[in-house]
Amino acid sequence: MADIYKYRITYKKTGTARYLGHLDMMRAFQRAIRAAGLQPRYSEGFNPHIILSFAQPLPVGMTGLGELADTELLEPFSQEYIISELNAAFPRGLEAIAVRALYPGEKTTAALVRAAEYAITASVQGDGDLKQAAEELMESFSVIIRTEKKGKAPSEVNIRGHITELSVKGTSVRAVLSCGGQGNLRPEIMLSALCDKAGVFMDPNRTEYTRARLIMQNASEGIL
Amino acid sequence: MPNLIPHHILIQASKPARYIGGEPGSVEKDPASVSTRFCLCFPDVYEVGMSWTGLGVLYYMLNARDDVYCERAFAPWADMEGLMRANGLPLATLETGEPLARMDMLGFTLGHEMGYSNMLNMLDLAGIPLLAAERGGQWPLVAAGGACACNPEPMADFVDFFYIGEAEAGFGAVLDRYEPGIPKEDFLLAIASLPGVYVPRFYKPEYKPDGTLRGVFPIRQDVPQVITKAAVNNLDAMFTPDRQITPNVESVHDRAVLEIFRGCIRGCRFCQAGFIYRPCREKSPGRLLDNARKILDSTGYDEISLLSLSTGDYSAFSELADGVQGLGSNISLSLPSLRIDAFSLELMERMEGGRKQGLTFAPEAGTQRLRDIINKNLTEEEILEGCRLAFQGGWNRVKLYCMLGLPFETDDDVRGLADLAAKVADMYYSSIRPKKGGLTVNLSASCFVPKPHTPFQFAAQASYDELCEKQQLLKRSIRSRSVKFSYHNADTSVLEGALARGDRRTGTAILEAFKLGARFDGWSEFFDYGLWKRAFVNAGLDMAFYAHRERPYDEVLPWDHIKTGADKPFLISEMEQARRAVTTPDCRTACARCGACGL
Ligand code: SF4
Ligand code: SF4
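Order-wise, the sequence lines are chains A and B. Our numbering puts the last residue of the first sequence at 224; the count rises by one with no breaks. Our numbering puts the last residue of the second sequence at 599; the count rises by one with no breaks.
Bound-form chain A, shown alone (with noise of 0.2 Å):
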C-alpha cells in the first residue's frame, strides 16, 4: 500500500465565499487539490472520490476565520506549497491560511471539535440592555428556550451548558458555544435568547456572524 500523508489545512471563509454551501464547499476542495497537483487519496469503491473532512460545517452566510479540513496526500508536499497552489484555485474568499501534517493515528477535525467562538455584530432595535442580560445570563443556571420541530411537540431545552464565555460591547456578542457532534448550540439561537432576555428585538437578515476559531479537545489544536 501506498504511503498515505495526512494534513489539515485551516482555512478562512470570508467575503462572498460565505455564501457557498456545504457541497459547494465540498467541490471547491476537491477541485482545488486536482488543479494544484496535490495527488489525493482517493477512497475505494464504485464511486471514487477525495478523501476530505470538514470540521462542523460553516452554516451559509457565517464568515470563518479559522476554520479545518483534513485530506490525504500520496506524496508529501511543503506547508508553503500546499498553500499558495490551493489559494491559486479556490474560489474568490476562500483562503487557505495554515497546514500542517497529521501524527500517525490523530483523530479527524470533526471528531475533536467541541467548541468555537464566535464574534457576531447584532442587527437589535429596543431599550433593552444586552450587556445587562449577558451578565445575567451567565450567572444563571439555566437558559430555557422552546424549540419546535415539524411533526413533534414543542419542547424546552436548557442552554445554559452549552455556553462558555459571553460578553457583549455595544451590539458586539463575543460567545464561546458548543460545537460538533458531542453538543452543538447555534450561535443564532444563543443571540435570539439574549435578545428575549434583554427585551430587544433582532433582525435575522442584518445581523452577521463571525467563527472566529474551532476550539478542539486538546486545547492546543485550535489556536491558530
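A hint or two may mislead.
Stated by the list, open to error - Have a look at the derived ranges for each label pair, beta carbon to beta carbon: (1) A:148 with B:35: 53 to 63 Å; (2) B:410 with A:151: 48 to 58 Å; (3) A:4 with B:252: 48 to 58 Å.
Claimed, not checked - Below are the DSS-like pairs computed for lysine-lysine, each with C-alpha atoms no more than 25 Å apart in a straight line: (4) B:15 with A:150; (5) A:12 with B:29; (6) B:208 with B:568; (7) B:533 with B:515; (8) B:29 with B:294; (9) A:149 with B:15; (10) B:184 with B:204; (11) A:12 with B:15; (12) B:423 with B:399.
It should be emphasised that the hints constitute simulated quantities derived from the structure, not laboratory data. Backbone N, C-alpha and C define an ideal beta-carbon position, used for all residues, glycine too.
Since chain A is already given, all that's left is putting chain B with the ligands on it; use the hints.
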C-alpha cells in the same frame, strides 16, 4: 472588492452562491483600463447558464483583448428577483457588481425561445428600456446571438444588433468597430455589413393583406439584403480556451467539456442544430488532447465530456477517447449525444463508470416509414442491436426519446412507439438473464416543433388538442410493464412553435407576455399558457397563424433573408423527399449539395 449585493439580501435568497461570482477561472480586470465593458447575459438561472459551453468561449475570447472587460449576468431566480425589486437593486454583473445599465454592450444568448421573456425581464431588472427604439445613446447597446438568432424577427424590436453564427469567426471584428462615445447609429452602420451581423432597424418587414410577409427589406442602400452567418473554417486554428470557469453552485453539466466538432453529418429533417451549424467540421485529436489536458489541469475536474451533436460520428473517436482516458487514472469520460447505431462494445467499456446512470437513445419515431420521413437513417434492427449490447453490458435502464406530432404521422406511427419499446423490453428478457429489479425502458415523448432553416419549416405544427390525443393514444398503447412513459407538456411546445416561426409582429406578444408576468417559461413551475394566450390576443395576433399553418413553398418566411447554410430550394426538396418517405444520405456518404459548404 466588488460592489456586492448586500448581505441582508443574499442571506434571504435560495442558493445565494449563484450571485457572488469570484469562481476559479473568472477574470478580474481593472475596469478603468479598458475601453469597452461588455456583459454576457444568459436568460436563465446561473446553474443552467454556466453549463453552456459557448459562454466560456465568449468570455475568454473577449477577455483575451486588452481593450475589453467581459463580465457575466444571469437571470436571478424568482425569489431573488422579488428581493431585488423590493430593495431597488438593479441587475449587475457578477465580476464587479457594476449595474448592467453602465455597460457599453450587453450580449444576450438566445438558445431557446423560452428564454425570451427572461431576456426582457433582465433588461427591466437592469432598469434599461426594453425597446431598442427607446434606448438613447446613454443606454448600452443590446446584442443577441445563439440558435434563436437564426430567426431574429420576433426579438428584433428589443435588440440593436444580432450576431448570427460563430463568435470565433467574426465577433472580434464587431468589437473592433466600437469606440467609447461613438453614436449608436454610426456604430450599427459600421458593423451592418460584417459577416453574421443583422441590424433590425435597417430592415423593414412588409405584409400582404392576408397577413403573410411580402418581405423584410433593407431601408438603406448600404446594408446587405441577405445576412450570411459567420462560420469558422478551421476549428483547430480558432480561439479555444484552455480553461473553464468552475461554477460556485453545482451546474447542470458540472464537468470539463471538450467540443470535438461542430455541425453534424446527418440531416434529420426536424433538427435545427443539424442544419444551422452545417457543415460538419472536426477538430483534430492532437489539438483536442492538448486542450483537454490543460482544461483538466486548470479546473481540477475529474470528468470530461466529449461534446458534439453526434459524438459517435467523430472520425478519430478511438484515438481521442484513448488519449483522454490516458490523461489520468481518475478521469471519467462522459459521452452525451450518442446515436444508437454508434453504440458498441468499445463505447460500453469506456463508459464503465456511468453504468448506473442509464443510457439514452433517440429513435425519435416508432415506425420505419416515419423514421425515413424524418431522415433519421436508423433501422429497427440497429435500435434493437444497440439495446442488446447495452443489456449484455450490464445496463438495465434505457431511455428512448421520441417525438409526437411529426409531419405525416399517423396513429399507427404513434402506436409503433409502444411496439418498439415493447420489443426493446422483450429483447432484454430474451437476451440476458434478468437482473433483480428487472428492466426499465423510459419512453420519453416530446412534441415536435417545426423550426426555421429545417426542411420541416414549412409544416403545420400539430394543435394542442391533437398533441394531447397522441399522448393519450401512446399511453393507452403501452402494454409492457417494463415501459414507463413520460411526456412533455403540449402547451409549452405550441408556444415554442409560435415563437420559433414568428415574425417581427410577434415581438408585441412577447412584450405583452412579459408585462403580464411571464418568466422562466422553460420551467414548468413558472410556465403559464393562459398568460401567453392572453398576450397573443392583446397583441392582436393568432398563435395558430404562426404555429399550426402549413406554409406554402412560395411564401416569404420571416427568416428568408438570413442564410445559415442549406438554401431554400434544398429545404423544399427535402420536404418533398419526406413526403415520399425517401431518405437522403449523410454528408460523408454523399454530398446532397445543400449549399452550406463554401458559403
Ligand atoms: S444526428 Fe440528426 S438529430 Fe442528431 S444532431 Fe445530427 S441531424 Fe440532429
Ligand atoms: S454541401 Fe454537401 S457536404 Fe456540405 S453540408 Fe451540404 S450536404 Fe453536407
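Practice task
Against the structure, test the hints numbered earlier, and report the numbers of the ones violated in rising order.
Solution key: When the structure is compared with the hints, only number 3 turns out to be violated.
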